[in-house]
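S.K.: The lines below spell out each chain.
Number of protein chains: 2
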Amino acid sequence: MAFLTSGLVVKGGGCGKIAVSERRLVGGKPQWKAGRRAVVRCSEAAAKSAGAVPVQTGVYSTAGMKVEEFFRDSIGSWRSMRSSHNLAMSFMEEVNSEIEIENVELDDEAVLAICKQYETDPATAATAIKMSWEGTSDWDEDEVLEGSTLLVLVKDEEAKGRLLRSEGYAETVPAVGEWTMEADGTFVLITPYERASAEERIWFTTPNMRVRVSFIRTQTGEGVLTASMSTEIREL
Amino acid sequence: MAFLTSGLVVKGGGCGKIAVSERRLVGGKPQWKAGRRAVVRCSEAAAKSAGAVPVQTGVYSTAGMKVEEFFRDSIGSWRSMRSSHNLAMSFMEEVNSEIEIENVELDDEAVLAICKQYETDPATAATAIKMSWEGTSDWDEDEVLEGSTLLVLVKDEEAKGRLLRSEGYAETVPAVGEWTMEADGTFVLITPYERASAEERIWFTTPNMRVRVSFIRTQTGEGVLTASMSTEIREL
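From first to last, the protein sequence lines are chains A and B. Residues 1 to 236 in the working numbering are what the first sequence lists, from first letter to last. Residues 1001 to 1236 in the working numbering are what the second sequence lists, from first letter to last.
No lab work stands behind these hints, which were simulated from the structure alone. Every residue, glycine too, gets a C-beta built ideally from N, C-alpha and C. There could be a bad hint or two in this list.
To be verified - Across the chosen pairs, the derived CB separations fall in these ranges:
no.: 1; chain 1: B; residue 1: A1126; chain 2: A; residue 2: G64; range: 28 to 34 angstroms
no.: 2; chain 1: B; residue 1: E1102; chain 2: A; residue 2: P122; range: 18 to 24 angstroms
no.: 3; chain 1: B; residue 1: K1066; chain 2: A; residue 2: E235; range: 41 to 47 angstroms
no.: 4; chain 1: A; residue 1: K116; chain 2: B; residue 2: A1126; range: 54 to 60 angstroms
What the hints assert, rightly or not - Which chain B residues face chain A? A few, computed with CB under 7 angstroms, are given here:
no.: 5; residue: I1129
no.: 6; residue: T1205
no.: 7; residue: A1227
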């Protein structure tokens, strides 16, 4: 089973990191040896839908991707795994969630309202999406975490602008982030909050997989408090 | 306690992600409410050394960093937290490790030997390091994972070249990767293996913190099997 073989390569593939012993997989079947903190959510459907997300032949590249393409390709249903590293306290948290991203028409009342709130000409809004999520954390698996937010992308330049958000996203207050679209196809978003700022880097690794790496920095950018990585697989 | 407040912002700071309820921290003291899978390794020393790694005033930027600087600044002792997402099986693994990176002189016998093995002129070697690690995985906390490897950086162009590795790194065979140094200061390394290829992106978020995001792709680059993020904090 090629995946498993590769999977084992993986474990040691990270620079300076660690080979995980093969006995965790026996005879190509997922007979997982789960450690104390390990949780295995393994189903055939998940393996099939997420295994090796097929793309066109050749290596996929997002170089030159425009922000409108990035948003358009983000529409859909995503299964997300997120790991957060709390750097001061040296602990990690895992969150599994389902994310739904829908297009919202630019003449939608909610879009007009948020533009008005930020004194932004609705004509400068390039696209808008509604994002909803529902997830569970390994800190408390019985607690269901859910919410939704409206995001309005405003282009101030071709690859640079603001992202307006309704409340209910990160904090319970609205927020405005500054985005740039990097040459390699990474969408970078910096959002200042009252006591910290959030930096997010999101990109497609295949057409059906997004990666999101986030940092929370101290207000002045001097230190990093938390880092997290989400892998998002499209539900096809 | 500003950190904690920010920490809470963090939790919801990831786009489409989840606010973790405040009751986990009571009165500014780390009275953690640990979930079933959560492990807290919290010490005052850790909090002090890792909290908000201080840098010069202003936001730190690695734009324009040269590969030699990247390697030079990587020398030292690092405490690493790594989260791996197995995308086919939908499970996560956490590894905590200590990483030691030492400079190795270019006329060192081991450097000359690996250059010879890859038929590379030692004069093209720009720098060499020895990396050692020792860690534990949440899959089996009693198992100590350790190893070391020699990395020789060969510059074919100013921001592009090969990385020669001794055995004992990812697989038990030597490997050659292709690296590029991106304009934003990200060191990108692609290493082909027999059945897969590894893509690593490493950058400094502060002078004393590196982030390493890795993907294992199928041989043809068509799919992603595993993604991981390591946060590495310098031990000062």
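S.K.: Each hint should be assessed against the structure and marked as holding or not.
M.R.: Checked hints:
1. For A1126 (chain B) paired with G64 (chain A), a C-beta distance near 30 angstroms keeps the hint of 28 to 34 angstroms intact.
2. In this structure the supplied range 18 to 24 angstroms is violated for E1102 (chain B) paired with P122 (chain A), their Cβ-Cβ distance being about 58 angstroms.
3. In this structure the hint that K1066 (chain B) and E235 (chain A) lie 41 to 47 angstroms apart at CB holds, the actual value being about 43 angstroms.
4. As the Cβ distance of K116 (chain A) to A1126 (chain B) is approximately 56 angstroms, the hint placing it in 54 to 60 angstroms holds.
5. The interface hint given for I1129 (chain B) is broken, as the beta carbon of that residue sits about 10 angstroms from the closest beta carbon of chain A, more than 7 angstroms.
6. With a least beta-carbon distance of about 5 angstroms to chain A, the hint placing T1205 (chain B) at the interface is held under the 7 angstroms criterion.
7. Against a cut-off of 7 angstroms between C-beta atoms, the interface hint on A1227 (chain B) holds, since the closest Cβ of chain A lies about 5 angstroms away.
The earlier numbered hints that this structure contradicts are 2 and 5.
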